[in-house]
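Could you fit the two chains together into a complex? Lean on the hints.
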Amino acid sequence: MDVILFLAFAAIAVVCAVSLVVQTHPISSALSLIGVMGSLAVLYLLLGAEFIAMAQVIVYAGAIMVLFVFVIMLLNAGAESKKGRSLAVQLVGVPGFFGLLALLAYSILRLFPNAKMVRFGGFTGGTAKNVGQALFTRYLLPFEVTSVLILIAIIGAIVLASKEMD
Amino acid sequence: MEFFVVSVIKALVVAAVLMTTLAYLQWVERKVIAHIQARLGPSRVGPHGLLQPLADVIKLFTKEDLLPPYVNKFFYLLAPFLAVTMALLSISVIPFGSEVTIFGHTTWMQLADLNVGVLFILAVGSLGVYGIALAGWASNNKYSLLGGLRSSAQLISYELPLSLAVAAPLLLANTLSLRQIVEAQGGFYFGFLPRWHIFQGPMPQIFSFIIFMIAGFAETNRVPFDLPEAETELVAGFHTEYSSMKFAAFFMAEYANMVTAASMTTTLFLGGWQPLFPVELGSNFVAPALFAFVGAICLYHGLHPARRLDRITLPVFAVIFFLIAAVLLVPTVVSIFMPVFWFAAKTGFLLFVWIWIRGTLPRFRYDQLMGFAWKVLFPASVVNLLATGLMVALFS
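Each protein sequence line maps, in turn, to chains A and B.
Following this note's numbering, the numbering of the first sequence begins with 12 at its first residue and continues without gaps.
Following this note's numbering, the numbering of the second sequence begins with 9 at its first residue and continues without gaps.
Isolated chain B (complex conformation) (with noise of 0.2 Å):
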């Protein structure tokens, strides 16, 4: 019974951070693009756009729901539903901190840890694909059927560079349970130098981690690899004839397999909750030293205030940060949330680069697409399992 409520708990605590960080996601996205095309972005809904993300879930929710005539009912009305589930299922098994003790609970701040862990990732994120299909088909439309059929090829394409290069790290963990895999990066070299994987040896997994990071961005169907939604040639590919709730689903769907491409790689290659560097070199103030250096210039704009109203936001914000800071400095709350401190430190860090990767390079043509994954990535990765694999044997 004790097992079953503190399940549903943790579930209801994901599901609730998960769909928040869904939301602001999709602010930040527009605000790092806008700054990186010297724009200001969502500016009008809330101080700098901060409330833009409910503005569009109103907006989303009360529009027109449009049936198009001449679609395949059913699979038209199954397709978002299949793409938001797959994307939501991954997060199930991601470990986000280590065991935890809350009200006398041992509890491991993770939903599920399967023994099969990464299998299981890969398996629900091959289903992915059967949601964008259908919708491609489902729509009677030439574009999402291109988008569509694109996409399946894509997916298919790359998901053989990306179970490679996930395999060479499962070599030096020696595991397929995400939870053993992150406590098998614990510990540093030299003091300092921590055993993640992208440096652990006898084979550091950097170039494991290069070729995942690159077909998660085609798996997560992002620029530079958007093809299935190109807006210059297919309308938006396959959710043209989308509307409302549905469209919002299928959004979500692509910002929830960021967040799980993210921590996975995360988890796989930077160590999950691991910290940078030791607690005896004061990692654990990392987090302090954030957000009270964030207060100190809240603080400041507010003595320097360019508008009147700022003289009092400004400073009531700086005081909340200093008292988050100082929280994050009671030893009870720094042995809770530092690890999934960390985590969101790397996973927030990874997004950034997915965000920024989309304001600087152009999209690649589809030939280019389909060339590079099978002449370039598919070797790539196989040459970089086998010296793994070689390295590994020789040496421990």
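Next up, chain A with everything else stripped away, as it sits in the complex (with noise of 0.2 Å):
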């Protein structure tokens, strides 16, 4: 049953990115990101990451994907025109697209030579307390460092908005 479900998001996944990519109109193409989070979403709950997954879709799919979309939205972009290829990356792209998939499998195949399997259900330290817990105790300065960096591009960025004003 999870692998079934880790297939079926797997490849949603992997055709969303795609999509996003070919698609020419910007909404589509950020649908298409959304897709992406959805089933990423899918695939922490799988591996037992609970609260990952519901912060993934909070925090990606409902606030800063909507984000995207209202500004598309706004600004009304349009599609955009797709230009004809030379045929040098028709003929190399997609092969040295493989290629270099293959070469990233097989370099971390050989950095991590002692790793093992991932077994679905195995687990079991991604509840919303787990996480809290190592934040706020093993994690606790990379997590309030974090806070103040959002806090100062926060301000930044009203500072910058503010100019404009003038």
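Keep in mind that a hint or two might mislead.
[Unchecked claim] Label pairs and their in silico Cβ distance ranges: (1) Val335(B) - Gly143(A): 39 to 49 Å; (2) Asn141(A) - Asp121(B): 45 to 55 Å; (3) Leu85(B) - Ile119(A): 38 to 48 Å; (4) Glu241(B) - Val82(A): 21 to 31 Å; (5) Ile66(B) - Ala28(A): 43 to 53 Å; (6) Arg371(B) - Gly133(A): 52 to 62 Å; (7) Asp121(B) - Ala113(A): 37 to 47 Å.
Treat the hints as calculated values from the structure; they're not laboratory data.
Note that beta-carbon positions come from the ideal geometry of N, C-alpha and C, so glycine has one too.
Put into structure tokens, the structure is as follows:
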């Protein structure tokens, strides 16, 4: 059951990712990205990380992508026109892409020779409680530093926006 | 296998009850608004217009399904589907009642108890905006687009105070599972005051409750925050170009969102299916008393009929209500239906408040709406969350 679900949602994620690049209209691309985010959330859920899965949907699919779609709709961006591609790109591009993938997979295998296969249901430390405890004890400093970083970014955005107004 | 069968039966029952509720909520809304405005409301189809929802459904089914030219077909058709799916999905984690045993099967009156139930509802709710935004964009109509834009901006803004208001009672309950949140609100102070989150120490969640209600009005696009479909400015907003069943899908999504928001408020702040006062003080007799009271009214009007037909119909209804009241006194029925009754009573009252406000308040201006979210509601919810955190850290 887990494997079937994994294969289904992994396939959806890949198809959506391809469609994200191939689509000519920004809204279609944005929605494909939401498809990728959603299927990634299901994959997290299958691996036992339910908090991360929900955070993925709330933050990425529910907040960031809504802003993307909002801006695209506000600017009323049209479909981009497809330009003709050169012969070299068409001939070398596809084999080159698969070659790169193979290289990546090979180097990961070589880098971590002792890595075990992932088992569905083998990981149980993904509840909100576990994540919260890890964040506020073991990873307290990175967590706080990231928060301050985000705060700086927010203040910076407000300063830049108010400059424009004058 | 048994789990599968029980789940299917539960899902079917919940779906049937929810659909009926959605259809009749619209009738209730029209009736209540009508009486607030000193009108009669629907009164032609069936007694007191009771068959009006059925007539509306038949009308919507049989109307011509227009597909306007120059729309983006895929997204135009996807939008109502998305809106209604996301609206109906979140009801699956709401607990309607306690554990019950029917024909030897012990089960919870809840479709699924996720240990991240609250987050699930927030996630599904935040995806609901795509239905509206896409409908507005794909319709190729400036009014629809404006409605869609307004709606996305409004939903993003009000999601922040909503989530922060949800976080405060979670600090008291110490869990994200909706079932355990309701269980944490069981029991009574001094033998009569329920330990619901709006009364519970060390920090009664009355402010979170108010913030959640206000943000809930905005999230469901209801008056006074119904800018996305402001009739006087935008024709009908994001669903201007939709007709027939696709329009009905948006309509259903709006009412389903209302039901979800009301049941979330009940679950988080008003103790879910926990009774208002202890069983020792007779809380199990409230439901039979209510039905008997309605039966008595029917009987009285049947004996003093305004029309000749009432002499027969109203006593029949009176007998039915008395029978229901009698059945609700049977001990096994009490153990199954009392929690559901309390849940339905609270949710129903909140839905009435939703409608009541629609009959009372005018619509905000758009800048007021945004200013209110960011300058009043958001700081208030942050302060409330910090105060709750401090009190919980100090006193428990």
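Structure-based check of all given hints:
no., hint, verdict
1, Val335(B) - Gly143(A): 39 to 49 Å, "holds, 47 Å"
2, Asn141(A) - Asp121(B): 45 to 55 Å, "violated, 19 Å"
3, Leu85(B) - Ile119(A): 38 to 48 Å, "holds, 42 Å"
4, Glu241(B) - Val82(A): 21 to 31 Å, "holds, 23 Å"
5, Ile66(B) - Ala28(A): 43 to 53 Å, "holds, 44 Å"
6, Arg371(B) - Gly133(A): 52 to 62 Å, "holds, 54 Å"
7, Asp121(B) - Ala113(A): 37 to 47 Å, "holds, 44 Å"
Checked against the numbered hints listed earlier, the structure breaks hint 2 alone; every other hint is satisfied.
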